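Undergrad: As given, the protein sequences belong to chains A and B, one line each in that order. Each residue of the first sequence is one higher than the one before, starting from -1 at the first, in my numbering. Each residue of the second sequence is one higher than the one before, starting from 50 at the first, in my numbering.
Note that these hints are calculated values from the structure, not bench results. In this text, all values refer to a predicted model and were calculated from it rather than measured experimentally. Note that beta-carbon positions come from the ideal geometry of N, C-alpha and C, so glycine has one too. Any given hint could be a false lead.
What the hints assert, rightly or not - Calculated cross-link-like contacts (lysine to aspartate or glutamate; reagent style EDC-like; alpha-carbon spacing at most 16 Å):
no.	chain 1	residue 1	chain 2	residue 2
1	B	K246	A	E58
2	A	K80	B	E297
3	B	K246	A	D59
As the list claims (entries may be wrong) - Covered by chain A, per the in silico footprint, the following chain B stretches (three or more residues, Cβ under 8 Å):
no.	segment
4	244 to 258
5	291 to 300
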Amino acid sequence: MDEVADKIVSILKKNMKNPPEHVPMETKLADLEIESLDLAVIVFDIEDTFGIQIPYNANEDVQDFATVGSVVERVKSIIAEKGATGAAA
Amino acid sequence: MWAGMREGRCGVGPLTGMSMEDLYIHIAGQIKDFDPRERCSHSKPLMLADRYSQFAGSAAIEAMSQAGFHGRVPDGHRAASIIGSGIGGLATIEKGYEDLFILKKKATHPLTLLRSIASSAAAHISIEYGIKGPCFGTVSACSTAAHAIGLTYQMIKSGMIDMGVAGGSEASVTYGSMRSWQAMRVLSPDGCYPFAKRRNGTVLSEGAGILVLEDLDYARARGASILAELKGFAMTSDAGDMVNPSVEGPTSAMQMALEDAGLASTEIDYINAHGTATTINDVNETRAIKAVFGTHAYKLSVSSTKSMHGHCLGAGGGVEAVASIMAIRDGFAPPTIGFDTPGDECDLDYTANEGRERIISYAMSNSFAFGGLNAVLVFGPAPI
């Protein structure tokens, strides 16, 4: 079981109006109708859950948030780099 | 301020005066060396007020002195004081909570409440000048000051009052505010570069922009030195999204402001854009300008002075109204500094990097706030 992926998918679903039953890793965030403020809230949720900071700027094209899978990979790499310390911004 | 704008001086610099803990945005447009003992010494209540009220009081004194008003106005009941703020006395609020929750003090300072509320600046100015007519603050985020100026103009037009002190003030570059803003992910760590390819968010700043507005006959009768004419004002709302603007809202606000001014779109020479340097505003505003002005959009000068003074939030519309008036008076379009190359879909003349001399008969000032709150002012030359 991929615990990180599961947690992230449940955070995504929590922040969506009509979450689909199954969210495969290839799903594009844009297809999930997630935009600007929703994304900031989701990132905040993820940061809080994993005790990490995810730097990103809503004004820049962020490849990290292209698909569900890319979000999972980014979170895993941040966890590996920094360990689970530090508060959310 | 205008001298600085003519030179293309940048008021944004390193953030100072607060903890940097957990902050990753380290720039802002803070006012350095503001000493209330110098700027507000004539008024004991202002000396004790929040920084936002002190900014407002200081700007009001400048405006009123320049207008030839010293001491109480002639007929207080025919005057208004409409001074808005996005958040009011935020520094006072933060200090109050720090005292209560962290330092566990037995009481907050007795003036805490009065300093915090976003009506104080308007009240202080009313007291200072004996203004007994309408007195309150507008609250509409980045459109706050434009709404204050526009409403005062409407009150004068309706015959309710002869004059008003109107605009906005903001002093919200505090630790809590920086933390809140950075959590929205719309601030730039580098600078405020409206309409440019390199733009990556806005930069917070503080300040106050205040105008003295008068009925023309009233001003002439007292021999006032008139700087410009406020020709038109319009306000619309997107009824769309809390952060993403629509094209229709700003378009109709600009069109209605032109109608209110009795001007054709081709008569506008300069637009002081809202131009916050977010990816989304600048493209949206460009589209709206094209929708209103058609081919004339490519002939007029556009600039965002936020590139120099940052985003003053509730004060922005007032600061930018002053810039628009000075542009008319000097025949000089202030620049959009920090401009490398045009951003995608941003192909208008944004007066890149250097201000330009040109005859400016009529200028438009745009404010498009969070929640889709739009306010547009149109200025013209002082009537002969």
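Undergrad: Going through the earlier hints one by one, which of them does the structure break, listed in rising order?
TA: Those not satisfied come down to hint 2.
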